[in-house]
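Peer 1: Protein chains in written order, with numbering that gives the first Met the number 0: chain B, 0 to 428; chain G, 0 to 428.
Any given hint could be a false lead.
You can't tell identical chains apart in this list, so a pair holds if it fits in one copy or across any two.
[Stated by the list, open to error] Derived lysine to any residue pairs resembling SDA-like cross-links, with alpha carbons at most 25 Å apart: (1) K74 <-> D177; (2) K178 <-> R209; (3) K178 <-> A161; (4) K178 <-> A163; (5) K281 <-> T38; (6) K372 <-> F268; (7) K311 <-> Q411; (8) K47 <-> T215.
These are calculated hints, taken from the structure and not from any lab test.
Predicted model, so just to flag it, every value in this text is computed and none were measured.
There are 2 protein chains.
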Amino acid sequence: MRIPIKDVTPEIGHARIAGWVHEERDLGGLTFLLVRDRTGILQVTIPKKKVTPEVLAAVKEATRESVIECEGVVKATEKAPGGRELVPDMLRVVSRAETPLPLDVSEKVPAELDTRLDNRYLDLRKPRINAIFQIRNACLRAISEYLWDNGFTQVQTPKIVAAATEGGTELFPLAYFDKEAFLNQSPQLYKQMLMSAGFDRVFEIGAIFRAEEHNTVRHLNEATSIDIEMSFANEEDAMHVLENVVASAYQYVADHCGDALATLGITDFKVPTVPFPRITYKEAIEISTAGGEPLVFGDDLSTAAERIVGEKMGTMYFITEWPTSTRPFYTMPFEDRPEVCRAFDMMHPRMELTSGAQRCHIHSLLVEQIKAKGLNPDAFEFYLNPFRYGMPPHAGWGLGAERLVMTMLDLQNIREAVLFPRDRHRVSP
Amino acid sequence: MRIPIKDVTPEIGHARIAGWVHEERDLGGLTFLLVRDRTGILQVTIPKKKVTPEVLAAVKEATRESVIECEGVVKATEKAPGGRELVPDMLRVVSRAETPLPLDVSEKVPAELDTRLDNRYLDLRKPRINAIFQIRNACLRAISEYLWDNGFTQVQTPKIVAAATEGGTELFPLAYFDKEAFLNQSPQLYKQMLMSAGFDRVFEIGAIFRAEEHNTVRHLNEATSIDIEMSFANEEDAMHVLENVVASAYQYVADHCGDALATLGITDFKVPTVPFPRITYKEAIEISTAGGEPLVFGDDLSTAAERIVGEKMGTMYFITEWPTSTRPFYTMPFEDRPEVCRAFDMMHPRMELTSGAQRCHIHSLLVEQIKAKGLNPDAFEFYLNPFRYGMPPHAGWGLGAERLVMTMLDLQNIREAVLFPRDRHRVSP
Numbered sequence: 000m001r002i003p004i005k006d007v008t009p010e011i012g013h014a015r016i017a018g019w020v021h022e023e024r025d026l027g028g029l030t031f032l033l034v035r036d037r038t039g040i041l042q043v044t045i046p047k048k049k050v051t052p053e054v055l056a057a058v059k060e061a062t063r064e065s066v067i068e069c070e071g072v073v074k075a076t077e078k079a080p081g082g083r084e085l086v087p088d089m090l091r092v093v094s095r096a097e098t099p100l101p102l103d104v105s106e107k108v109p110a111e112l113d114t115r116l117d118n119r120y121l122d123l124r125k126p127r128i129n130a131i132f133q134i135r136n137a138c139l140r141a142i143s144e145y146l147w148d149n150g151f152t153q154v155q156t157p158k159i160v161a162a163a164t165e166g167g168t169e170l171f172p173l174a175y176f177d178k179e180a181f182l183n184q185s186p187q188l189y190k191q192m193l194m195s196a197g198f199d200r201v202f203e204i205g206a207i208f209r210a211e212e213h214n215t216v217r218h219l220n221e222a223t224s225i226d227i228e229m230s231f232a233n234e235e236d237a238m239h240v241l242e243n244v245v246a247s248a249y250q251y252v253a254d255h256c257g258d259a260l261a262t263l264g265i266t267d268f269k270v271p272t273v274p275f276p277r278i279t280y281k282e283a284i285e286i287s288t289a290g291g292e293p294l295v296f297g298d299d300l301s302t303a304a305e306r307i308v309g310e311k312m313g314t315m316y317f318i319t320e321w322p323t324s325t326r327p328f329y330t331m332p333f334e335d336r337p338e339v340c341r342a343f344d345m346m347h348p349r350m351e352l353t354s355g356a357q358r359c360h361i362h363s364l365l366v367e368q369i370k371a372k373g374l375n376p377d378a379f380e381f382y383l384n385p386f387r388y389g390m391p392p393h394a395g396w397g398l399g400a401e402r403l404v405m406t407m408l409d410l411q412n413i414r415e416a417v418l419f420p421r422d423r424h425r426v427s428p
Numbered sequence: 000m001r002i003p004i005k006d007v008t009p010e011i012g013h014a015r016i017a018g019w020v021h022e023e024r025d026l027g028g029l030t031f032l033l034v035r036d037r038t039g040i041l042q043v044t045i046p047k048k049k050v051t052p053e054v055l056a057a058v059k060e061a062t063r064e065s066v067i068e069c070e071g072v073v074k075a076t077e078k079a080p081g082g083r084e085l086v087p088d089m090l091r092v093v094s095r096a097e098t099p100l101p102l103d104v105s106e107k108v109p110a111e112l113d114t115r116l117d118n119r120y121l122d123l124r125k126p127r128i129n130a131i132f133q134i135r136n137a138c139l140r141a142i143s144e145y146l147w148d149n150g151f152t153q154v155q156t157p158k159i160v161a162a163a164t165e166g167g168t169e170l171f172p173l174a175y176f177d178k179e180a181f182l183n184q185s186p187q188l189y190k191q192m193l194m195s196a197g198f199d200r201v202f203e204i205g206a207i208f209r210a211e212e213h214n215t216v217r218h219l220n221e222a223t224s225i226d227i228e229m230s231f232a233n234e235e236d237a238m239h240v241l242e243n244v245v246a247s248a249y250q251y252v253a254d255h256c257g258d259a260l261a262t263l264g265i266t267d268f269k270v271p272t273v274p275f276p277r278i279t280y281k282e283a284i285e286i287s288t289a290g291g292e293p294l295v296f297g298d299d300l301s302t303a304a305e306r307i308v309g310e311k312m313g314t315m316y317f318i319t320e321w322p323t324s325t326r327p328f329y330t331m332p333f334e335d336r337p338e339v340c341r342a343f344d345m346m347h348p349r350m351e352l353t354s355g356a357q358r359c360h361i362h363s364l365l366v367e368q369i370k371a372k373g374l375n376p377d378a379f380e381f382y383l384n385p386f387r388y389g390m391p392p393h394a395g396w397g398l399g400a401e402r403l404v405m406t407m408l409d410l411q412n413i414r415e416a417v418l419f420p421r422d423r424h425r426v427s428p
């Protein structure tokens, strides 16, 4: 049976492996194949005079990036990666790669991101790129398990919906038989309805869709959102869950992804300490203004402001007590000063990762707030009804999986954190 | 701090709870409120002469399905559900329900499914309905953890795509900026590309979309699919993972969802034994024909045939060795008898749960098979390229989460297994 390349050691004596031809070197009497699987790279050494004609013929056929299988004796050698090599008594080409390759997997030739994404199946073979997705998987595993262990029920809410979550124009329209429909921007309205339905604590990890026209290094038109909502909870409760979710993802990566971090060249991986510091929106705009980006109450935080405040904070942090005018209609204002609301953003020093809040659970106030945003409450009837028949106070947040991975690994473009990104110009592969 | 109702016992002395007013009975000097949260039901007993005027006023305001909070002494009593009651020294209405309710949560008045789905936030409050989604969550948790523990990487592939997975017409078209796009029917092509990308073993739990016109009790237009793909594997390897995934879901439910099963009235919950029996397609059509539903080689299994064979098998089982003509282009035929292919269905006695196969990993054969289905290989270039540059043999399957839950709990309509179903006529709530 085939074993993972990382398990090939001189001690096991004999091994059967399968993988891709990463590199090939012909030194006359000796040929070296570096064979790669997702766990590592192994040197296969072919002494031409000592192997069978079948092995020799197969080696000749094995172009770079071909899939091969081989079996043989494992020997210790200081000259090969991992301190061992395999000398094959069987070697066969399972799937031959055509030449030339559309993209260089060994990364000796740099490539533009667009070329890489056009040939993503080759790009993803690079150990450095594959490591990103091992870490993304680890983050989602850690987060799922943290939430399950803390009483959250995983749910799947519809992606095809009849109404816009925030009444925005950034929606992809859809022909749903004879009806008009849209792709959902966020599970927001549905997870709130589940609070009325008595689910108490829910989470969803699913696709969200935003028809934003702008094409930046931190926006996607299809993304994966990690959403929670919890009942009988305020914004502090939601922030407490959030900082622990994020810290648990970092901790899991620190504990389980040492190889992937090393492949990415990350040597100073730090798990953030909880609780994350909290500053108010008012403090944030003061820091920004003092730092040369003047902001007044009611302004959104600009990218420059995020950078100035992030540098000052130097760690993950929360911004609380936002102006009500800057937040969606479903946010709960403070009772004694309704111009400020129970919303928060969780920030990485580089950028915003999460928006959350205690939600408005009072039907009459919610209707008012929908109107105040210039929207028509009639369009939200399906969402408003649950508030008329017993809705607990609740709070929640949405965390972008891609932004979490992008900031964790210091990636420069959010597309690096998605297998097959969708942007203004790309819908394939 | 509020505690879950299931944790309220006479031993704890004093408790604070929150939940919905499930029922209310006024016996003159005594009022009983049955209060429900997702963990159970508690009798709150109000001796009118002994409680404060504030409590009395709140009880008067507390219509059925209102959200209330209360706190008080817990006493043992044989007459109340769970053998205990709470006598409140504090009780307040958090969110009052209007009257009359659009749907009866206590299930004394039966309702049509359509009415129930229109008022899903109330319908989901029924303990019996909520139990379905606790079990669905448990299944997905068990399956995720089984796959993670067995070396599968969780992935998210795009839902917005430029090409149809199987070239079918059952696609929802989408305006993607200035391009034509579709909602993906299945992650099939993407998970195969990830095999070429060296991911070795992947799984995805995500939304799939099918624009099927027919409206039946076992079809949805948006569903949750559990998909795996594994490299250097054949159909037997994929079947082995599948039967263990399904058995692990049943086992987890048996171990962790006793209360939910009891709420559903399921007393004979059986974990299926692995391995599941295997019969060939040829055997299946013989059984069907003998049972009064005549089928010939090349026919699909009709609903009647599924029932006849299912009754005979009496357990989960596999049907293997399907006619190549009945399966999609990406299926691997047997080399020595290409009219039969390495495909399988996993069947519950009631219906098909899963389709899977060893896939065709040979570029030239795949192009032929695409043409044989009357499709144009040019439309699949993004998918075919990975097969030209090193594609390992691979196999996989897709399991519908809703069908798994529907058959596990013997639900009569697949809509019962989805929070907010989408069908031919329903896109809201």
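Peer 1: With identical chains, the pair K178 and A163 could be close in the same copy or across copies; at 25 Å between alpha carbons, which is it: within, between, both, or neither?
Peer 2: both (15 Å within a copy, 22 Å between copies)
Peer 1: Should K74 paired with D177 be assigned to within, between, both, or neither, using CA atoms and 25 Å as the limit?
Peer 2: neither (67 Å within a copy, 58 Å between copies)
Peer 1: From the Cα coordinates, with 25 Å as the cut-off, is the pair K311 and Q411 best called within, between, both, or neither?
Peer 2: This pair counts as within: shortest intra-copy Cα distance 21 Å, inter-copy 59 Å.
Peer 1: Can you give me the call for K178 and R209, within, between, both or neither, at a CA distance of at most 25 Å?
Peer 2: Classified as both; 20 Å inside a copy, 15 Å across copies.
Peer 1: Evaluate K281 and T38 at a C-alpha cut-off of 25 Å and name the case that applies: within, between, both or neither.
Peer 2: Close neither inside one copy (49 Å) nor across copies (41 Å); limit 25 Å.
Peer 1: Between K178 and A161, at a C-alpha cutoff of 25 Å, which is it: within one copy, between copies, both, or neither?
Peer 2: Intra 9 Å, inter 22 Å, cutoff 25 Å: intra and inter.
Peer 1: Tell me, please, which holds for K372 and F268 at an alpha-carbon limit of 25 Å: within, between, both or neither?
Peer 2: neither (43 Å within a copy, 51 Å between copies)
Peer 1: Measure nothing new, just compare the shortest in-copy and cross-copy C-alpha distances for K47 and T215 to 25 Å and report within, between, both or neither.
Peer 2: Neither: 53 Å inside a chain and 65 Å across chains, both beyond 25 Å.
In terms of the numbered hints stated before, the structure departs from hints 1, 5, 6 and 8, listed from lowest to highest.
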